[in-house]
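*Asks:* Here are the chains, one letter per residue:
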Amino acid sequence: MASVMEIYQLLPKTNCKECGKSTCMAFAVDLLSRKLKVEDCLPLVREGKYKASYEKLSGMVTPVEDVTETGLIVHADKCIGCGNCVVACPVNVAADPMGAGSGKAPTCDRVILKVEDGVVKAANVQECRRFGENKILCVACIDTCPTKAIEFV
Amino acid sequence: MDNDNYVCTGCALLCDDIDVGLENGKVAKVHTACRKGFAFMKGCSNPLECTVDGKKTDVDSAIREAAEILRNAERPLIFGHANSSSGAQKRAIGIARKINGYIDDTSSFCQGPMVEAILEGKLKTCTLDDVRHKADVIVYWGADPANSHPRHMSRYSYFPRGKERQRGWEEDRTAICIDVRKSDTAEICGESGLYQIPVKGDVEFMDALVSALSGKIPKTSYDFDKKRLLELASILKKAKFGVIFAGLGMVYALDDREPLYRLMDKLNSVSNFHLIPMAGHYNMRGFNQILFEETGYINRVKFNGAEILHGPEYSVVEALRKKAVDAALVIGADPLTSLPRSVVRHLEEIPLITIDPCQTLTSVKAKVTIPCALVGVESGGTAVRMDGVEIGLKQIVETDRLSDEEVMIRISEAL
Amino acid sequence: MGFGQFLSAPEVKLRIVTYRDIFQDSAKVTSLFGEDYEKLSAIIKLDPKDLSKLAIKEGDTLMLKNGFGKVVVKAQNSGYEKPHTGTAYMVNSPWSNVLVPEDAGGTGVPEFKDFEVLASSAKGAKVTGIREII
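Residue numbers (our numbering), protein chains in the order written: chain A, 1 to 153; chain B, 1 to 415; chain C, 1 to 134.
If you're looking for bench data, these hints aren't it; they were derived computationally from the structure.
Worth double-checking, as some hints may not be accurate.
Derived SDA-like pairs (lysine to any residue); straight-line CA-CA distance at most 25 angstroms [unchecked claim]:
{"#": "1", "chain 1": "B", "residue 1": "K227", "chain 2": "B", "residue 2": "I290"}
{"#": "2", "chain 1": "B", "residue 1": "K365", "chain 2": "C", "residue 2": "K39"}
{"#": "3", "chain 1": "C", "residue 1": "K65", "chain 2": "B", "residue 2": "V199"}
Just so you know, these numbers come straight off a predicted model, no measurement behind them.
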């Protein structure tokens, strides 16, 4: 996942305020949390000299269309369907110890992550440990992904 | 095996927990298979057609022509088999025997040395189920399952809970990666789990580990951090159930198996270690086991009456390089894709028969092409997983195409 | 202004190590003759220093040749943290197999994962197509 500094380095760093933010750093923070889009930086889109940075940023900060309520995004294009996250997810393990928790196909409907047509799909996201009153910063699915296909925003 | 589920023949893991959704008699939805398995089960976009000399024909004529080629050849080669059902493999060996042919499979330039050592009882091995239930130290050596066998780590070797590994991977298992680069698998093993060695540095690394395990100072010409080597030795020593997954990176770095034997012997004198070869294609190991039972050799065989010849000169690579064969039947492999261009040129100079569900680079050059069903989807049978366990395959959808075994039976009869 | 531009395309000797890639392998399963398979196969991953030595950028085409054959593939930055100048990575494919030495020393096992090539910029040239290889 990209960091604020990595994003900032690719911005014009002119603090022009065209995006409505007071500084490019503030823009970077909002871009990372997907409150803004890359295209909201007008000079980046408009001026040819930023073309390379624009392209790089677009690849780095993917749009949020598929973002779930917990902020979980699965980048299907990067996912290899290995199912590491399916087996590692503590909610999956608790809900389905003999299926998903044991490395096999999920055998119950309460799992959060499962693999369909070769890529991972999220469901029941309200059960995710990063959600609700007692939320914790669980990273089981991110750390076990070999291709960084899962991200939380 | 759960009776409601199907088996994926995308690689030698033969995952047997696959569910599918059908639409108009075709696989439309695939549950639980990885990206590669999904692509495999959906089938290719360019199916092979039945042809002789590039012209479409019926199966009967193509089989007659194939038998004619094999009958007229003095030194025919039957090659491939890694993506074939065990039934088709048995028939292929029968045909080779009948026509005094060469027979070899992809293990010849792949995992052959490891499978051979295991079948001859020279390397201690175990099943993937043992790994899931018991393994606490897992070594991926010159192997990158994240790319070659995507569900390896999730289904068996690292992440799943097993009978004696109930607390999850973080507490119960240690994953080690020994490789020349930081692969996707190495990313999962983390900074402390990756031991990055130079290309062809494997033998020295094995000997250094033996030294470290013997309480000596581990030395390498590339000056690998001795402290880290000693740390690794200590992890391996403490293993209750250790397993080494030997990838092609390791296989190709060994001129012979002695350094590996030394390491495995040492490991088993201080701890408990097993080795499983990372066979790629879904039934390569099956072919090796069948040929071994019939001839005592896993590959590289030439039949000569009652005599069975074996050696590197009967390998597909040497036989083609030396232009020793005068006709070839290729089934369940695509040598024009997987072998050096300079080696396979001879295949274009001799009558060539290809049997496959899909067009391949080899089929493009073939005089006779015979389509067969996609095993595990359009036809059933059995296959042998990378750890030697036989798995039953079920047909999922109907097809007009003959199964690979039926094609081989028909050719055998036509001979 | 780089010194490189005053020379005819500089040649760099590279040791090639091949590897597997699931995206490329899945593309092969779908179609060996497809665009995706070519795009994911006809590549070489280089150390950034070797990219500069060759006076090329990521995405430029590169001619690779040795005594066994030659192919034009696209150059990529490997992205590996650890420097690896002089060593480059190619995914196992018909493109890498053009360059794998024929002589297996009588063992029957070619050196798929360790061979040498001479690389030079092929700016503007098209990547070798699979039908040209066979």
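*Asks:* Against each hint, give a clear statement of whether it holds in the structure.
*Replies:* Verification of the hints:
The straight-line distance between the Cα atoms of K227 (chain B) and I290 (chain B) is roughly 45 angstroms, outside the 25 angstroms bound, and the hint therefore fails. Between K365 (chain B) and K39 (chain C), the direct Cα distance comes to roughly 23 angstroms. Compliance with the 25 angstroms bound is thereby established for this hinted pair. Straight-line distance between C-alpha atoms of K65 (chain C) and V199 (chain B) comes to about 21 angstroms, which keeps the hinted pair within the 25 angstroms bound.
Violated hints amount to a single one, hint 1; each of the other numbered hints is respected by the structure.
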